[in-house]
Structure formats: C-alpha cells, structure tokens
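If you're matching them up, the sequences are chains Y and X in order. Here my numbering is used: the first residue of the first sequence is 4, the next is one more, and so on. Here my numbering is used: the first residue of the second sequence is 4, the next is one more, and so on.
These are calculated hints, taken from the structure and not from any lab test. Some hints here could point you the wrong way.
Pairs count within a copy or across copies, as identical chains cannot be separated in the list.
Unchecked claim - Okay, derived cross-link-like pairs now, DSS-like style, lysine-lysine, Cα gap no bigger than 27 Å in a straight line: (1) K256 x K198; (2) K257 x K121; (3) K168 x K199; (4) K36 x K264; (5) K199 x K226; (6) K275 x K248; (7) K275 x K37; (8) K37 x K264; (9) K257 x K128; (10) K98 x K135; (11) K34 x K275; (12) K264 x K34; (13) K226 x K172; (14) K172 x K54; (15) K36 x K54; (16) K98 x K128; (17) K199 x K248; (18) K275 x K36; (19) K128 x K37; (20) K130 x K226; (21) K98 x K130; (22) K180 x K207; (23) K54 x K243; (24) K16 x K138; (25) K103 x K130; (26) K138 x K98.
One-letter residues, chain by chain:
Number of protein chains: 2
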Amino acid sequence: MPAAAGTINSETKFVLDHFSVPVPETITDGKGKKIVLVDHNEVGQAVENIKEATIFEVIDHHKIGDITTPNPIFFHNEPVGSTATIVSAMYDQYKVPISKEMAGVMMSAILSDTVLFKSPTCTPKDKDEVAKLAKITGEDFQQYGIAMLTAKSDISSKTAMEIVKGDYKHFDFAGTKAGVGQIEVMDLSVLVPRKKEILETMEKVRKDEGLSFVLIMLTDVMKEASDLLFVGSPVDKFEKAFEGKMENNAIYKKGVLSRKKQVIPPLEAAFK
Amino acid sequence: MPAAAGTINSETKFVLDHFSVPVPETITDGKGKKIVLVDHNEVGQAVENIKEATIFEVIDHHKIGDITTPNPIFFHNEPVGSTATIVSAMYDQYKVPISKEMAGVMMSAILSDTVLFKSPTCTPKDKDEVAKLAKITGEDFQQYGIAMLTAKSDISSKTAMEIVKGDYKHFDFAGTKAGVGQIEVMDLSVLVPRKKEILETMEKVRKDEGLSFVLIMLTDVMKEASDLLFVGSPVDKFEKAFEGKMENNAIYKKGVLSRKKQVIPPLEAAFK
Chain Y
4 MPAAAGTINS ETKFVLDHFS VPVPETITDG KGKKIVLVDH NEVGQAVENI KEATIFEVID
64 HHKIGDITTP NPIFFHNEPV GSTATIVSAM YDQYKVPISK EMAGVMMSAI LSDTVLFKSP
124 TCTPKDKDEV AKLAKITGED FQQYGIAMLT AKSDISSKTA MEIVKGDYKH FDFAGTKAGV
184 GQIEVMDLSV LVPRKKEILE TMEKVRKDEG LSFVLIMLTD VMKEASDLLF VGSPVDKFEK
244 AFEGKMENNA IYKKGVLSRK KQVIPPLEAA FK
Chain X
4 MPAAAGTINS ETKFVLDHFS VPVPETITDG KGKKIVLVDH NEVGQAVENI KEATIFEVID
64 HHKIGDITTP NPIFFHNEPV GSTATIVSAM YDQYKVPISK EMAGVMMSAI LSDTVLFKSP
124 TCTPKDKDEV AKLAKITGED FQQYGIAMLT AKSDISSKTA MEIVKGDYKH FDFAGTKAGV
184 GQIEVMDLSV LVPRKKEILE TMEKVRKDEG LSFVLIMLTD VMKEASDLLF VGSPVDKFEK
244 AFEGKMENNA IYKKGVLSRK KQVIPPLEAA FK
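Chain Y extracted, bound-state conformation (with noise of 0.2 Å):
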C-alpha cells in the first residue's frame, strides 16, 4: 500500500478513516535521522539522503537491493506477500499485544498488496496472520477487503498524474533507469477513456524525470490481469520481458497481478 511522499490515495484515507488512526507523518529527508527501512532496501526507493542517515533496522519482502551498514543490523526480509505479514508476527514473537488499530491497518496492508490473496505473491502465512488480525478488529475480512479494493479503484475523483503516481517506484535495469507503477481496479473498463490522458501524463513524468521508460499497470483486480502500459525505450526489451508484440504502447497479460514477481523479474532478466 505505497503512497508517493506526502500523499495519502483513496485507499490509505478508506483504511484509516475505516479504524480512526491519523495520518502519519511524512518523512522526506533521511539527513541525520535514526531510521527503520520498512518494505524497502533500496537506496533510490529510500528518503532522499537516506547515505547520511543511520539505518538501525530493515524489514522487507522484497529483492535483496543495495544497502550497506557500517555495523551489523536487525535486518529481516522474508519472500511473503506482505511486510505487514512480517511485522504482525514480530509482534506475537516479542509478546506485545497489537491494539484494534494497529491490527486493522496491517490486515488492511496484507490485503491490499495479496489483492484479496489473489497475487502469486500471497503466502499461507499472509492468511493466517489476516485470519489473526481480523479476529482482533472483528471485520469480516472478505467484506471489508472489498469494500478497501473498491475505495482504491474509484479513479473518478483521480487525475491522471494520481493514478500514474499513486503506486510509483524508480528502477535501474542494468543501467537503464525506468519509472513501473500500479493502479488495481475492481474493472479495467473504467480505465479506457482515460488511456490517452494517462499516457500523456506517463511521457510527461518520463521526460520530468529523466528516465528511458515509464511502465504502469493497469490491473483489473477481479478478471486477474493487467494491461502493461509502456512510454519511452527501449521498445524490444519490453516486448521480450512479456513475450507480446506492443500495440497502443500497451501489452494485455492474463495473470499477471504482481510488480514485484510477474513484472521486475521479467524486465531485469530482459536486460541481463
């Protein structure tokens, strides 16, 4: 459930509006601040500055990125679906008793990034752990997750630059440097109208950034697939990651949900 810096998407304001916790603060700068990497481990995903901060601890699940520490850290990565997943269990594993709060944003995490246990990236202890944390919030989970996937997927009220923005990551691809983004909707036809538009914003983002493509998802949450939209270069190392011919600047695939397992692997190896 990424937000871009000092923006809260529809589905963080659903989750906490949902159990009455605030928005957190935003940290932007890393310059001299003590610092916990959480569903990160990258220096270009991190706070800017984030070489003049002290990491003292990394929980992750994601691809082992290129942090280094001066010292040894706690540092815990671990393939589940979610880094919500790993923190609910440290809690059991240290004996602190998770508040009604607490326990209903990280469900809500769990959810949101194993898309209802739908991705290939959901694991049976993402599910235990839901099946824990619901327990504690006495949510009906499927109800609930629902209802969260359908405040996420209400673009209505977005802009395109929101829906390009809203899930955005940088990566480096063997030295190309590339912008891959994700929007899930409950149905993709909502989206079509607005294609050229996010396009438009895609090139725009692109060019602001300095990269040689930007890549989003359109995911459609319940036909369980995704329509890779791609600007920029180069053209033929896409095409080999997803094993299509592009058409529109875009790439229909059946089954693919996850950035992290069905979209990084490809482009890096694409690249190698």
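Once you've looked at the hints, dock chain X against the given chain Y.
Using the frame of chain Y, we list chain X on its own:
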C-alpha cells in the same frame, strides 16, 4: 569459528572430535549451485563465482554487505554474538528438535564467537541459547568452553601461515584492499617468540594477495586485550583508527577482542 577453505583448525578439530561429528564437506566454487550464505553476506567473503550461484537464503550477524538478489529471499541478519545463536533460535521457531551433535556444534560456535561471553558482541540471547544447548549436550559449558579455547590457543604445532590464515578475511576500505585476521590465545606470551616470523608471513601474504595491508589481531582471551600487528600501508590510517603510535609494527589495545565490533568499524571510519 571460521576456517580457511579446506583446512580444519585445532579448535574445529576439538569440537568435531568431542561431539563425534564428521568433518563437513567444503565448497569452494558456487557456479550453478543453490547457496545459503551463513555467517557472511559479502561477495568478497563468499565462495568463488558466487555471482553465478543462486543465493536463496542468508543468515548472518555482520554488517549488511553487497549481496543483491533478483528475487525476494529469506534474509535474516541480527546483531547477536554468533550466527549459531540465530540458527539455534530458528530450530525452536520452526519446532525442529535439536540433536545432541548439532547442539554441541552450535554451543561451541557461540562460546567461540563470544570468547566465553567476554566479547562486547555478546548479547543476552547468546547466553540464553548456550544455556538451552548445554542442557541438550549435558555439558558444563564453562568447563567445556575453556577446554575448547585451550585447544584453539595451542599454537605450538601451528606454522606461522596457519596462525595468520586460521581466521582471516578480506575487506575493502573505501577502495583500499586488506586482509584482517585474528588468533585468540589464553596467554599472549606464547606468541612473543614467534612475532618476527608472523610479521614476515603477513608481508608474504600481503604481496601474494596484492593487498595494501594485512592486520592480524593477537588476542589474549584472559587479559582481554589484543596486540594489533600491521604490515603495509597506510600506517597513518592504522594509527588514526586505533588512536596510538605503531611500534615494531604493532599497537597494543586493552579491551579489544572483537574484529567485527572493535577493529573493522574504526578502520572504516579512518578511511572515510
């Protein structure tokens, strides 16, 4: 309790003999292999061709190094005194029974790494795991630990090369390549007559391996101090790191027992 590839030092021999454990196979080439990195997470300290291996797990207690992976993996690093402490705790976490042999080997590793709990790297968790493992082995861990360290510090049968390379690792200090080793003895006086021979061997190793310097810690376990031997350059960084004047290629430091916590960090700071 690291050993140079293919060699079994007197301490390891003592442990394996004591608990009737066969000498484990040594792997020197990672090409095409599936690898779990244990007790290290830096390319320079791993087997040859580690970049052509599949790293699918890391369990360590050192600073975070330069290992990266194409996919999410289990990576657990924790600032405790011994990686064996983490492994021993994982047995319980995953409800796997510990055999008497494995308990003996892990207890030995923790006692060795923490120098019988005297090292500043030692944590309450290390002590807890030793207490648990000692119960399984039926040993008095204090008595056993002293016997093990005595076997380790029997250097009479060791060549100078075995003393230098017995527990030896490569490091890169902001581009300056170095080898840093350690030998622990119960009484430093046994090493005094061999100091010249050790320094000559260090210089040979330095030249053969194309390093800027080689530093060997001669650690007196009972007096809790180390004589830091240094050959090569830059001497000024060595003196800056250990706040002393080098005499006869050495600086004597009271209270210094841990390479990881008390030797590598000040060197890194001096080279910054």
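Comparing the hints with the structure gives:
no., hint, in the structure
1, K256 x K198, "within (17 Å within a copy, 68 Å between copies)"
2, K257 x K121, "within (13 Å within a copy, 59 Å between copies)"
3, K168 x K199, "within (16 Å within a copy, 65 Å between copies)"
4, K36 x K264, "between (32 Å within a copy, 22 Å between copies)"
5, K199 x K226, "within (22 Å within a copy, 75 Å between copies)"
6, K275 x K248, "within (20 Å within a copy, 50 Å between copies)"
7, K275 x K37, "between (35 Å within a copy, 20 Å between copies)"
8, K37 x K264, "between (30 Å within a copy, 20 Å between copies)"
9, K257 x K128, "within (26 Å within a copy, 48 Å between copies)"
10, K98 x K135, "both (14 Å within a copy, 20 Å between copies)"
11, K34 x K275, "between (34 Å within a copy, 17 Å between copies)"
12, K264 x K34, "between (32 Å within a copy, 24 Å between copies)"
13, K226 x K172, "within (24 Å within a copy, 53 Å between copies)"
14, K172 x K54, "both (19 Å within a copy, 26 Å between copies)"
15, K36 x K54, "within (10 Å within a copy, 33 Å between copies)"
16, K98 x K128, "both (18 Å within a copy, 16 Å between copies)"
17, K199 x K248, "within (19 Å within a copy, 70 Å between copies)"
18, K275 x K36, "between (36 Å within a copy, 19 Å between copies)"
19, K128 x K37, "between (30 Å within a copy, 24 Å between copies)"
20, K130 x K226, "within (21 Å within a copy, 54 Å between copies)"
21, K98 x K130, "both (20 Å within a copy, 20 Å between copies)"
22, K180 x K207, "within (15 Å within a copy, 45 Å between copies)"
23, K54 x K243, "between (35 Å within a copy, 23 Å between copies)"
24, K16 x K138, "within (22 Å within a copy, 53 Å between copies)"
25, K103 x K130, "within (18 Å within a copy, 35 Å between copies)"
26, K138 x K98, "both (17 Å within a copy, 25 Å between copies)"
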